[in-house]
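Given the coordinates of chain C, assemble chain Z onto it according to the supplied hints.
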Amino acid sequence: MEVIAIATAVIGAYSSYESGQIQKQQYNLKAQQATVEGQRKAIQYEQRSNDVLHRRLEANATLIARGFAGGVDPFSGSPDVIRAVNDTKAGREFAILLADADAAMRGGAIQAQMYEAAGKAVARKATFDAVVKLGSAAASGMGTTQAPAPIETRTV
Amino acid sequence: MARLPRYQESGLVSADIPRMDFANLRESAEFSQSISNSLDRISQFAFGEVKKERDKQNQLLGIQVRAELEGEVQKRFAELTTRVETGQLSSYNAIQEEVTAMRGLATGLAEVSPEQAQGLMQSIASSGKVLMNKSSDILIKAYQAQAQVGLDETLGALAKTMESVYEYVQDPEERAKMVSAARGKIYAQATQAPSLIPMALEKFEKVNKAAEQSAMAKYFSSADFGLNEAERLSRLDAGDAGKFTKDWASKSEVERIEIKKVMYAKAVDNIAARDRDAKLKKMENDASYVETYRKWLQEPNPVVKAQLGKELVKFADSVADIDRVLKAPESGGDPLLFSNLRDDIANGLITDYRQVQKYVRPGGIDTNQLDRLQSALMAKDGAQIDSVRKKIKDESGIGLIQGTFDPKESRFVKKSALEERFDRLLQQEKEKNRLLPPDKVMPIDYDGLYTKALEDYNKTDKANQIKVAAESNLKRFEALAKTKKKLEVKITSDTSIEDLRRLKVYSDAELDFIDKQIKILRDNQTK
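Residue numbers (the numbering used here), protein chains in the order written: chain C, 1 to 156; chain Z, 1001 to 1527.
Calculated directly from the structure, the hints in this document are not laboratory data.
In this text, a Cβ means the ideal position worked out from N, Cα and C, and glycines have one as well.
Just so you know, nobody snuck in bad clues.
Here chain Z is said to cover these stretches of chain C; the calculated rule only asks that three of the stretch's residues, wherever they fall, bring their Cβ under 8 Å from a Cβ of chain Z:
no.	segment
1	70-82
2	93-106
3	121-131
Short, incomplete list of chain C residues facing chain Z, as computed with Cβ under 10 Å:
no.	residue
4	Lys30
5	Glu37
6	Ala90
Extracted from the complex, chain C is given alone in its bound form (with noise of 0.2 Å):
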C-alpha cells in the first residue's frame, strides 16, 4: 500500500510540473496575443490620426480654393486665421491619437509582459508543487517502511 501511495505522490507531482508547463505556455500564447492586439489598436489609432490629417487637408484646401476664387487672399486675413485654426484644432486630435495608439502598444507589451510573469509564476508554482508532493511521499515512505530503531524494555 505504501508504495502505491509513492508512486500515486510521484506522477501527481509529475502532473503538477506538466500543468505548470503548459499553463505557462498558455501565458506565453496570452502574452503573444497581447502584444499583438496592442500593435493593431495602435495602427487603428493611427489611421484614425490620418484621416485627421486628411480633413484637416481638405478644409484648408476649400479655402485657399476659395479664397483664391473669391479674390481673396486666402494666406492672409481671415482665411489665414481659419487655417490656423483649422491646423490647432486638427493638430490636438493627431497628438491624442498618436498617444492613443502609443498607449495601446505599450499597453499590449505591459499585458505581455505580465502574461509572461504569470506564466513563469504558474510554473514556479508547479515545479514548487511537485517537489512538495515528492517530498512528502519520501518523507512518508520513510516513515512509514523504515524499520523502527529497537527500544530495549525492561521487564520488572
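Just chain Z now, kept in the frame of chain C:
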C-alpha cells in the same frame, strides 16, 4: 457672406487606459497561497514527525527515568529494610505509609510515560509486599523474643520462689497446689506467643525439679540435718531425710543420686568460698601490714611511730620480727656488733635488710642502729649499681657528652640495651633473695650480673652482631690486601729493605727473613 470651410472636430478624447489582466499578480498570489498550503502540509507532516519523535523520546526517557527511579526505590527499600531489621521502624502502619509515599515517584513518571509508570508502580507494590512480609516476620520474631525474655524472667523469679516453697511448705498437697499455680502462671504467659508454650512448660518442669533438688540438698547439707558428712549420708541411706522424708521416699535411686550430687556441689562451693575468703583476708592483711610498716619506717615523730607500731602488732602471724623490733630499745645497742654488721654490708657480705633485722634484740643492736644499717645497705646497693652503670658507660664509649645528644646514636643504644639487661638481671636476683629465708640470702654479685648482661648483649644484639661481623670482615680484607701487595713485590738483589718496610705489609720477622735472602742474592752475584 458665405461661411469659409472649416475643420470639423470629431470630438476625440484620449482613449481609456487598456484594461489589464493582472495574471502575474494573480498567479503570484496563487503561488504564495500554494506555498502557504505546502508549508502547512509540510508543517503538519513535520509536526507529525515531531510528535512521533517526541513520543519515541518520551518512551526512551520513560525507560531511563524508570531505571533511575527503580534504583531510588530499591535504595529506599534497602534503607527501610535496614530500619525494620534494626528495629528503628517497627510500626506496620508506618511501613505502609512509607511504601505509599514511594508511589509519588510513579506519579511523576506517568507524565512522561504512563506505561513505565505502571511498571514502576508494580515494582513498588511487589517490593513493598516483600518488605511488609519481612517486617511482619521480624515483628513476630521480636514479639516472640520479647515473650521469651518475659518468660525467662518469670521462670528466674519462680525458681527462687519454688525453692522457698520446697524449703518451708511441708505438706506435699499444699506444695503441689502451689506448683500447679506457678505452672498455670507460666502457661498463661506463654499463650501470648503460642509457639512458646511447649518450651515454656518444659523449662518450668526443669526449674521445678532444680528447685526441689536445691532445697533438699541445702537442708541435707545443713547442721540441722547432721553434724558432718558421714552422719548426713548415713541418715539418708537409712531413709531418714528429716523434713523431706516423705519426698525422699518417693524418689527413685537416680533422683536420689542427683540430689546427692547437688549436695556435694554445694559443699565444694562452700569450701572454695571459705578458701577464697581466707585468701582475700590474708591479702588484705598483707597489704595493710606492708603499708603500715612502710609508714612506721619513715615516721620521724616517736609518738606517731609508737602508735603505728601498735597497729603492726595486730598482724601477729606476719610480724614476729616487727614485734621484736618494737620491743627493742631505741638506744644502748652493742656498738661492736653494729660496727661488724656495717663492715659486712660494706664488704657485700650482708645484702638483705632481714639479715640485720634479726640482730635487733636486747643485747643486740638498737632500733637507731637498725635504721643506720638500713641506710648503709641502701647506700651500698646504690654505690654498686652506680659502679656498674659507669662500666656500662665506658663499654658503650660514652665519655663527657658534647654537642647534641642523640639517643638513636649507636653508643647510646648500646648503653640503654646494657642497662636494661642489667636491671632485669638485678631484679630477678633480688626477687630470688626475697623468697629465701634471711639466713639463706646470697650476696648479689653486681659485677657478675654486669658480665652476664654484656655477654647477653654481645650474643643477642643484632646490631652488635652485624658490627662484629663487619669488623671481622674488615680484618680479613686487610689481611688479603697485604697478601696481594706482597705478591706484587719482586725481590731482587737491588731491593731495599727500607722500601719494603714503608709498604707496611711485612712483619718484622718477615722483613728479617727477606733481608737475609737479599744478602744471599748479593753475595752470589759478587762471587
